Each structure stands twice: as C-alpha cells, then as structure tokens.
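**Q** With the hints as constraints, model all of the structure from the sequences given.
First residue of the sequence shown: 1, per UniProt numbering; consecutive thereafter.
Where hints are given, some of them may not hold.
[Said to hold, decoys possible] Quick list of the computed label-pair ranges, beta carbon to beta carbon:
| no. | residue 1 | residue 2 | range |
| --- | --- | --- | --- |
| 1 | 162 | 422 | 32 to 42 Å |
| 2 | 272 | 53 | 45 to 55 Å |
| 3 | 9 | 411 | 42 to 52 Å |
| 4 | 86 | 292 | 32 to 42 Å |
| 5 | 272 | 437 | 28 to 38 Å |
| 6 | 45 | 264 | 19 to 29 Å |
| 7 | 386 | 262 | 53 to 63 Å |
| 8 | 163 | 386 | 22 to 32 Å |
| 9 | 430 | 344 | 46 to 56 Å |
| 10 | 27 | 240 | 45 to 55 Å |
| 11 | 290 | 131 | 27 to 37 Å |
| 12 | 251 | 102 | 24 to 34 Å |
| 13 | 102 | 133 | 27 to 37 Å |
| 14 | 9 | 422 | 37 to 47 Å |
[As the list claims (entries may be wrong)] Under the rule of at most 16 Å between Cα atoms (straight-line distance), these lysine to aspartate or glutamate pairs were calculated in the EDC-like manner:
| no. | residue 1 | residue 2 |
| --- | --- | --- |
| 15 | 161 | 395 |
| 16 | 261 | 305 |
| 17 | 399 | 123 |
| 18 | 402 | 368 |
| 19 | 230 | 305 |
| 20 | 347 | 226 |
| 21 | 396 | 368 |
| 22 | 347 | 368 |
| 23 | 23 | 91 |
| 24 | 262 | 226 |
| 25 | 110 | 91 |
| 26 | 44 | 9 |
| 27 | 42 | 123 |
| 28 | 101 | 43 |
| 29 | 347 | 367 |
| 30 | 96 | 106 |
| 31 | 402 | 159 |
| 32 | 402 | 430 |
| 33 | 399 | 370 |
| 34 | 416 | 272 |
| 35 | 396 | 430 |
| 36 | 396 | 159 |
| 37 | 230 | 132 |
| 38 | 402 | 168 |
| 39 | 396 | 386 |
| 40 | 292 | 430 |
None of these hints come from the bench; they were simulated from the model.
Since this is a predicted model, take the numbers as computed values, not measurements.
We put the beta carbon where it would ideally sit given N, CA and C, even for glycine.
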Amino acid sequence: MWMDHRAVDQVSRINQVKYSVLKYVGGVMSPEMQPPKLMWLKEKLQDICWNRAAHFFDLPDFLSWKATGATTRSLCTLVCKWTYSADKGWDDCFWKKIGLKDLTVDNYAKIGNHVLSPGTRVDSLATEAAHELGLPEGIAVAVSLIDAHAGSLGVIGADVKGHNLPCEMQPITSRLALICGTSSCHMGISENPIFVPGVWGPYYSAMVPGFWLNEGGQSATGKLIDHVVKAHATFPELQARAKASGQNIYMCLNSHLESIKKSSAMGILTVDLHVWPDFHGNRSPLADPTLKGMVTGLGLTNSLDDLAKLYLASVQAIALGTRHILEAMQKAGHQINTLFMCGGLSKNPLFVQMHADISGMPVVLAEEVESVLVGAAILGACASGDFNTIQEAMEKMGKVGKVIWPNLEDKRFYDKKYEVFLKLAEHQREYRNIMQNV
Numbered sequence: 001m002w003m004d005h006r007a008v009d010q011v012s013r014i015n016q017v018k019y020s021v022l023k024y025v026g027g028v029m030s031p032e033m034q035p036p037k038l039m040w041l042k043e044k045l046q047d048i049c050w051n052r053a054a055h056f057f058d059l060p061d062f063l064s065w066k067a068t069g070a071t072t073r074s075l076c077t078l079v080c081k082w083t084y085s086a087d088k089g090w091d092d093c094f095w096k097k098i099g100l101k102d103l104t105v106d107n108y109a110k111i112g113n114h115v116l117s118p119g120t121r122v123d124s125l126a127t128e129a130a131h132e133l134g135l136p137e138g139i140a141v142a143v144s145l146i147d148a149h150a151g152s153l154g155v156i157g158a159d160v161k162g163h164n165l166p167c168e169m170q171p172i173t174s175r176l177a178l179i180c181g182t183s184s185c186h187m188g189i190s191e192n193p194i195f196v197p198g199v200w201g202p203y204y205s206a207m208v209p210g211f212w213l214n215e216g217g218q219s220a221t222g223k224l225i226d227h228v229v230k231a232h233a234t235f236p237e238l239q240a241r242a243k244a245s246g247q248n249i250y251m252c253l254n255s256h257l258e259s260i261k262k263s264s265a266m267g268i269l270t271v272d273l274h275v276w277p278d279f280h281g282n283r284s285p286l287a288d289p290t291l292k293g294m295v296t297g298l299g300l301t302n303s304l305d306d307l308a309k310l311y312l313a314s315v316q317a318i319a320l321g322t323r324h325i326l327e328a329m330q331k332a333g334h335q336i337n338t339l340f341m342c343g344g345l346s347k348n349p350l351f352v353q354m355h356a357d358i359s360g361m362p363v364v365l366a367e368e369v370e371s372v373l374v375g376a377a378i379l380g381a382c383a384s385g386d387f388n389t390i391q392e393a394m395e396k397m398g399k400v401g402k403v404i405w406p407n408l409e410d411k412r413f414y415d416k417k418y419e420v421f422l423k424l425a426e427h428q429r430e431y432r433n434i435m436q437n438v
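**A** Given below as structure tokens:
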C-alpha cells in the first residue's frame, strides 16, 4: 500500500547518506517509495516473506504479469518508485549499501531486468486471464503506468483549441496534470531535466516519451477531507440532512456554505480559521513525512456551520498546498499556466474552484471523468498499433469537457491566506525544536 509509512526508520537511514539516486527524487526519499519498504520487509519479515519471495512487483507490473505471465517491468514504475535510471539502469552501489545486495543477484531478476516503455506491447493476453476477464485470448497487453500517471496521460495532452486557455499555442510543458483522489499527484513535464527540491524526479520518459517528469504530491487529500468531516461531532446531523435532500454529504456541505455566506465571497468564511493539511506528512515540496496536521481558529461550538467552515478550510488548505508545489516547480524552471484535473475530487465543484482561485490558473476538466481509464486505453491503443505514438493518442483520445476560471477578485484574500499557510509549517518546526530535548 503506497500510503503505508511504516518504513520511516528505513527511509531516514537512506536519507542520512547522500546517495546519487536521491538527486532524482527531489533530494529526499519518501517512505512511500519501494527501497525503504523492501528494507522493512527484509528486516521485519525475513523468514515469512523476504526469503520466500520470487519477485517483488509494483501493482501495475503485477497486473501485467497476471495478464501475460511475463515479468517485464514498466519504465514508469521502476524509474518513479524504485530508483531505476532510464539510461543507466540499476545502481549496484546503492542497493548494496542499504543492505539489499541480494536483490542484485541474477541481474536484478527479483525486481526487474526486462524493462519496457509504457504503451509498448508486453505480450498477448494469456488464456487463463482472458477467461477470467471475458476478453479474447491473444489481444495485446500494453506496458503499464502507475494509476496517477495514467490519469495524467488521459488529460494533459487534450486538444485545447477554441477554449481561450493560456496554454493554447504553448508547448505541453505549460500544463500541470493534477490527479486528486485519496491523495493528490501533481505531474509536470519538461523537455530538459529540471531538479526541484522536495519534488520527485526528473524522470526521463516515465510518462510521456521523450519528456522529463517531475511529480509533486500530497499524501492525504480526499482521505483528509473524509477524516475532518467524519470525525466532527455534527457528522450524524450532516448525514441525516444529506439523506433527506438526496445529496451526498459533500454536496450538502457545499449547499450549506452557499446558504451561510450571505453577500460575501464564500472563501471569506475562513478568515480566522486555518488548516495545515499534512495529517499524513508532507510529500512535496517540504518532503517531511513527520509533519502533522494543524488547525487554528476553533471555538467551543459544534454546529453544522462549524463543520462546513472546517470542511471549507481543509479544502482551501489542500489548494494552498498545490500552490506551494506549483511555486517550487516554477522557481526551479517550469513554466506552468494551466491545470488539468481528474480523479474523484475533481467531481466536487468547491474543490475545483478553490484550486482555480488559489492558484490563479484555469482548471480544465476532461470530457470523460474517468481519466485514468482513458490513460490506460491510450496505452492499449498504442500497443495494438492503432496509434504510432503516445502523443498522437493523447491528443486524439483526451477531450476538454469544462473549464473553471479563477475568481481574481479574491486574490488578495488568498495571498494573505497563503502567508498564514506558510507560517503554520514554520511554527510547527519551531514547536518541534522547542520540545525535542524534553
């Protein structure tokens, strides 16, 4: 499970030594990556797992193996999560120094020695898999992408002509794909490698062939919103209201916010309520898995109004986190001017609007809401020979559905809100320093 942070001790040991591979993960490795998880398995489950395992797979590669029987690995998974280099391959020195020399045996057979680019053909669909899936035996199976990367592929290359977007007539590098679900991933590509402190990458050809990928992220976004709302004392009342109105709980909260904002802009409701959203650590750009969530501005009341405002402040905090990542990427050299969003949270109008308002950029939503499936279909279409390149398939199969523009009248408010946001992280680290020697 990518969200599993139990390997924090292992990743801390990795980060204490400045291995060359860390240069390509923003300078700091995350406990969500595979080397520390493999260390944990060897140290904690050596007899029942480590010594008995024939292969260690990322989920996309495991599914390819189930479909074909081939142990081929995707360049995407190995480059993005396993420290593999697209041009140099595995780094023997790194694996030996972190205590996993046994993985280098037989040319890294356990973690991958046959690596192909996404969208190329792995093999044909095997008989057993074809029967289980109800598909024709022998059809092409494509080299996979990680789910968030597939979502990016499904939106970032869409033809935007006629939508008056700032990225129109600009290279694809002016776009950032934002995949929002349980967590959020921020995918930006460049023609040349850009090193962004605290942001994963640059990874060559890990998503779009011929381009370098930087991958920012937030470890808990949809998960955070669920946690904040469901832990509140008024949640049962919200559930009852949502059921009575025929809405889900988040649409009900959005409606309630509309009803209490009166004549002012909705965002102003949180003028004295601020959230630091890293309840599960910071993936980017601070790259600190030990950071915790923070809320300032709470009172003694527990009304539905209070819940709605806390929900709004949490959504704003996530969008402010996106702005933090964007600024780090732009400072390093990315020239991003348009957001392309997909995933479950992109179905929430408030979440989308807050990202537009706080980033100051238009947000493009795809015509097909299940963009991860579109990305997977793009890979399949390339593997079957329907398209010659992934770029061609991206433009033909990704469609613009709706554009949400920022409300620039609220810019000053969100600039001030962002100042507070940055102070929260600064203060948390100060509190930690005060308490560390107790």
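**Q** Against this structure, judge whether each hint is valid.
**A** To see whether the hints hold, each was checked on the structure:
1. 162 x 422: 32 to 42 Å: 38 Å Cβ-Cβ, so the 32 to 42 Å window holds.
2. 272 x 53: 45 to 55 Å: Given a distance of about 53 Å, which is inside 45 to 55 Å, the answer is holds.
3. 9 x 411: 42 to 52 Å: holds, 43 Å
4. 86 x 292: 32 to 42 Å: holds, 36 Å
5. 272 x 437: 28 to 38 Å: holds, 33 Å
6. 45 x 264: 19 to 29 Å: violated, 55 Å
7. 386 x 262: 53 to 63 Å: About 54 Å separates the Cβ atoms of residue 386 and residue 262, which means 53 to 63 Å holds.
8. 163 x 386: 22 to 32 Å: holds, 26 Å
9. 430 x 344: 46 to 56 Å: With Cβ atoms ~35 Å apart, the hint is violated.
10. 27 x 240: 45 to 55 Å: holds, 49 Å
11. 290 x 131: 27 to 37 Å: About 48 Å separates the Cβ atoms of residue 290 and residue 131, which means 27 to 37 Å is violated.
12. 251 x 102: 24 to 34 Å: Violated, since residue 251 and residue 102 (Cβ atoms, about 52 Å apart) do not stay within the stated range.
13. 102 x 133: 27 to 37 Å: holds, 35 Å
14. 9 x 422: 37 to 47 Å: violated, 29 Å
15. 161 x 395: This hinted pair holds, its Cα atoms lying about 11 Å apart.
16. 261 x 305: holds, 10 Å
17. 399 x 123: violated, 29 Å
18. 402 x 368: Measuring from Cα to Cα gives roughly 10 Å; hence the hint holds.
19. 230 x 305: Holds: residue 230 and residue 305 sit about 15 Å apart, inside 16 Å.
20. 347 x 226: holds, 15 Å
21. 396 x 368: Holds, at roughly 13 Å.
22. 347 x 368: Roughly 11 Å separates the two Cα atoms, so the pair holds.
23. 23 x 91: holds, 13 Å
24. 262 x 226: violated, 26 Å
25. 110 x 91: Answer holds: residue 110 to residue 91 is near 15 Å, not above 16 Å.
26. 44 x 9: Distance of about 12 Å is within 16 Å: holds.
27. 42 x 123: violated, 32 Å
28. 101 x 43: Holds, because 13 Å separates the two Cα atoms, which is no more than 16 Å.
29. 347 x 367: Holds, because 12 Å separates the two Cα atoms, which is no more than 16 Å.
30. 96 x 106: holds, 14 Å
31. 402 x 159: holds, 13 Å
32. 402 x 430: violated, 43 Å
33. 399 x 370: Distance ~12 Å between residue 399 and residue 370 Cα, so the pair holds.
34. 416 x 272: Roughly 11 Å between the alpha carbons, so the hint for residue 416 and residue 272 holds.
35. 396 x 430: Since the Cα atoms of residue 396 and residue 430 sit roughly 51 Å apart, the hinted pair is violated (cutoff 16 Å).
36. 396 x 159: Roughly 8 Å separates the two Cα atoms, so the pair holds.
37. 230 x 132: violated, 38 Å
38. 402 x 168: holds, 15 Å
39. 396 x 386: holds, 11 Å
40. 292 x 430: holds, 13 Å
In summary, the numbered hints that this structure violates are 6, 9, 11, 12, 14, 17, 24, 27, 32, 35, 37.
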